[in-house]
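Asks: Please model the complete structure; the sequences and the hints are all you need to start from.
Single-letter residue listing:
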Amino acid sequence: MTKITFIDHAGKSTVVDAEDGSTVMETAIRNDVPGIEAECGGSCSCATCHVYVDEAWAGKLPKAGPLEEDMLDFAYDVRPNSRLSCQITVSAALDGLVVTTPEKQG
Amino acid sequence: MTEHIKTDAVIIGAGPVGLFAVFELGLLDIKAHLIDILDRAGGQCAELYPEKPIYDIPGFPEVSGQGLVDNLMKQIEPFNPQFHFSEMVTSVENTGTAEAPSFIVKTDNDKVFECKVVLIAAGGGSFQPKKPPIAGIEAYEGKSVYYAVRKMEAFRGKKVMIVGGGDSALDWTLNLHPLAERITLVHRRDEFRAAPHSVNAMRELVAAGKMDLMIGQVMEVKGANGELSHAVVRGNDKTSMDVACTAMLPFFGLTMKLGPIAEWGLHLHENLVPVDTEKFETSTPGIFAVGDINTYPGKLKLILSGFHEVALAAQKAHRYVYPNKKLTFQYTTSSTSLQKKLGVG
Numbered sequence: 000m001t002k003i004t005f006i007d008h009a010g011k012s013t014v015v016d017a018e019d020g021s022t023v024m025e026t027a028i029r030n031d032v033p034g035i036e037a038e039c040g041g042s043c044s045c046a047t048c049h050v051y052v053d054e055a056w057a058g059k060l061p062k063a064g065p066l067e068e069d070m071l072d073f074a075y076d077v078r079p080n081s082r083l084s085c086q087i088t089v090s091a092a093l094d095g096l097v098v099t100t101p102e103k104q105g
Numbered sequence: 000m001t002e003h004i005k006t007d008a009v010i011i012g013a014g015p016v017g018l019f020a021v022f023e024l025g026l027l028d029i030k031a032h033l034i035d036i037l038d039r040a041g042g043q044c045a046e047l048y049p050e051k052p053i054y055d056i057p058g059f060p061e062v063s064g065q066g067l068v069d070n071l072m073k074q075i076e077p078f079n080p081q082f083h084f085s086e087m088v089t090s091v092e093n094t095g096t097a098e099a100p101s102f103i104v105k106t107d108n109d110k111v112f113e114c115k116v117v118l119i120a121a122g123g124g125s126f127q128p129k130k131p132p133i134a135g136i137e138a139y140e141g142k143s144v145y146y147a148v149r150k151m152e153a154f155r156g157k158k159v160m161i162v163g164g165g166d167s168a169l170d171w172t173l174n175l176h177p178l179a180e181r182i183t184l185v186h187r188r189d190e191f192r193a194a195p196h197s198v199n200a201m202r203e204l205v206a207a208g209k210m211d212l213m214i215g216q217v218m219e220v221k222g223a224n225g226e227l228s229h230a231v232v233r234g235n236d237k238t239s240m241d242v243a244c245t246a247m248l249p250f251f252g253l254t255m256k257l258g259p260i261a262e263w264g265l266h267l268h269e270n271l272v273p274v275d276t277e278k279f280e281t282s283t284p285g286i287f288a289v290g291d292i293n294t295y296p297g298k299l300k301l302i303l304s305g306f307h308e309v310a311l312a313a314q315k316a317h318r319y320v321y322p323n324k325k326l327t328f329q330y331t332t333s334s335t336s337l338q339k340k341l342g343v344g
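Chains as they are written, first to last, in numbering that gives the first Met the number 0: chain W, 0 to 105; chain E, 0 to 344.
One or more of the hints may lead you astray.
[To be verified] DEER-style ranges, computed between Cβ atoms:
(1) E:Lys300 <-> W:Gly95: 45 to 51 Å
(2) E:Glu98 <-> W:Val14: 29 to 35 Å
(3) W:Pro65 <-> E:Asp211: 24 to 30 Å
(4) W:Thr88 <-> E:Asp107: 54 to 60 Å
(5) E:Lys51 <-> W:Ser21: 46 to 52 Å
(6) W:Ala55 <-> E:Glu277: 51 to 57 Å
(7) E:Glu113 <-> W:Ser21: 46 to 52 Å
(8) E:Ala207 <-> W:Pro65: 27 to 33 Å
(9) W:Thr88 <-> E:Glu92: 46 to 52 Å
(10) W:Glu54 <-> E:Glu190: 42 to 48 Å
(11) W:Thr88 <-> E:Asp55: 20 to 26 Å
Treat the hints as calculated values from the structure; they're not laboratory data. From a predicted model like this one, the values you see are computed outputs, not experimental measurements. All residues carry an ideal CB built from backbone N, CA and C; glycine is no exception.
Replies: Here is the structure:
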């Protein structure tokens with residue numbers, strides 16, 4: 000199992016087991032991780048599953064595609080390490096991934 | 000001037016479930032008006048995923064959000080539904096009794112509906128503009144910060160800062176350019192989602208020195224009494240600068256908010272409207288809630304669930320609209336009277 004750590008805006012962290020092949024957003028929703036809304040259900044259409052990827056991991060993830068970059072324009076408080084968690088697919092290579100959720104989604 | 004409209008049913012929300020409600024009500028001779036805050040029909044299907052395929056609509060192995068909406072529009076055409084777009088329902092007042100309900104529904108566009116039943120098909124709530132993360136921006140909203148352009152003239156002679164990189168941002172950059180004293184477009188990256196010809200037109204204006212393009216984010220707004228004077232823009236190189244601006248238009252898309260529904264005296268549970276599963280009626284007789292906005296044991300937020308819900312809600316609505324008429328259950332395949340209503344057979 001791949002472990003992912005979600006840190007909320009206040010600094011509280013939650014570690015969950017993620018299924019390979021699922022997305023980081025789905026992992027958050029399945030485990031009731033707060034701070035991720037995923038209004039559109041994972042179709043990269045709403046920017047409410049916005050996360051900040053821990054700096055140590057920023058270079059290890061595949062880059063955001065053009066559609067994701069477009070949707071990130073709509074996210075709240077976008078930073079260089081901003082990603083939409085519905086577009087990050089879990090794999091063994093991501094074991095130990097740390098993401099932080101923003102103050103609010105949208 | 001206030002416009003008064005008398006009808007049988009008011010449907011709040013013109014998403015797929017609201018649209019299909021027109022059909023089910025129409026078969027029972029209940030006339031409906033639909034009100035939606037968006038400028039067109041379709042709700043989330045049209046706003047969030049018009050091009051994305053949906054795979055779980057019975058009878059459609061694959062249909063796009065917009066395709067489903069187009070088909071529903073065609074399906075309800077015989078019932079001549081009346082649409083009121085770009086309007087938000089602000090209040091629903093109960094003026095009847097539990098046995099003979101009647102309601103006064105008001106919108107923010109000065110329309111007043113008098114009706115027997117109300118169907119809330121508001122999905123995730125009303126789509127409202129997303130606000131940028133700028134501290135204290137609320138103090139300027141409506142005075143010098145706007146999330147939509149109602150009257151272009153309001154921007155004449157202003158130093159207008161437009162924030163965003165989509166069609167709204169680019170279209171208003173080009174449309175307001177002749178009126179404004181100066182336009183500054185601020186976007187977080189040097190790529191734009193907007194139509195390429197708009198982007199090219201904007202780049203030509205920038206190249207000719209007729210407007211400014213800044214890549215970065217608005218960090219702070221400055222001014223007094225709601226009137227902006229400057230915005231602090233931080234570039235991607237982390238340097239900040241004060242930019243003179245007397246009007247700002249942030250375009251960050253839309254988000255769903257429950258909105259005024261919370262003030263209509265309905266019992267709510269976690270921003271959803273509890274209903275029974277026989278009639279999908281709320282705690283107020285005559286007000287129904289259908290689709291994603293409602294909740295009941297076992298609720299699934301599926302379009303097909305919403306379709307089922309409106310069919311049952313319509314049966315009860317008929318009792319309120321036609322208290323003295325007996326309702327006989329009929330099939331569209333065999334009933335000549337239903338076929339007449341549909342304009343077929």
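Asks: Taking the CB of Glu113 of chain E and the CB of Ser21 of chain W, does the distance hold inside 46 to 52 Å?
Replies: Given range 46 to 52 Å: holds, Cβ gap about 51 Å.
Asks: Holds or violated: 45 to 51 Å for the Cβ distance of Lys300 of chain E and Gly95 of chain W?
Replies: violated (33 Å)
Asks: Hint says 54 to 60 Å; check whether the CB-CB distance for Thr88 of chain W and Asp107 of chain E agrees.
Replies: violated (43 Å)
Asks: Please test the hint of 27 to 33 Å on the beta carbon pair from Ala207 of chain E and Pro65 of chain W.
Replies: holds (28 Å)
Asks: Lying within 51 to 57 Å: is that true of the beta-carbon distance Ala55 of chain W to Glu277 of chain E?
Replies: With Cβ atoms ~55 Å apart, the hint holds.
Asks: Can the suggested window of 46 to 52 Å be confirmed for the beta-carbon pair Lys51 of chain E and Ser21 of chain W?
Replies: violated (19 Å)
Asks: Given the hint of 46 to 52 Å, check if Thr88 of chain W and Glu92 of chain E actually sit that far apart at their C-beta atoms.
Replies: Since the Cβ atoms of Thr88 of chain W and Glu92 of chain E sit about 50 Å apart, the hinted range of 46 to 52 Å holds.
Asks: So the hint says 29 to 35 Å: do the beta-carbon atoms of Glu98 of chain E and Val14 of chain W match that?
Replies: violated (56 Å)
Asks: How does the Cβ-Cβ distance of Glu54 of chain W and Glu190 of chain E compare with 42 to 48 Å: does it lie in that range?
Replies: violated (23 Å)
Asks: The hint says 24 to 30 Å between Pro65 of chain W and Asp211 of chain E; measuring C-beta to C-beta, is that right?
Replies: holds (25 Å)
Asks: Okay, Thr88 of chain W versus Asp55 of chain E on CB: inside 20 to 26 Å?
Replies: holds (23 Å)
Violated hints, in rising order: 1, 2, 4, 5, 10; the structure is consistent with all others.
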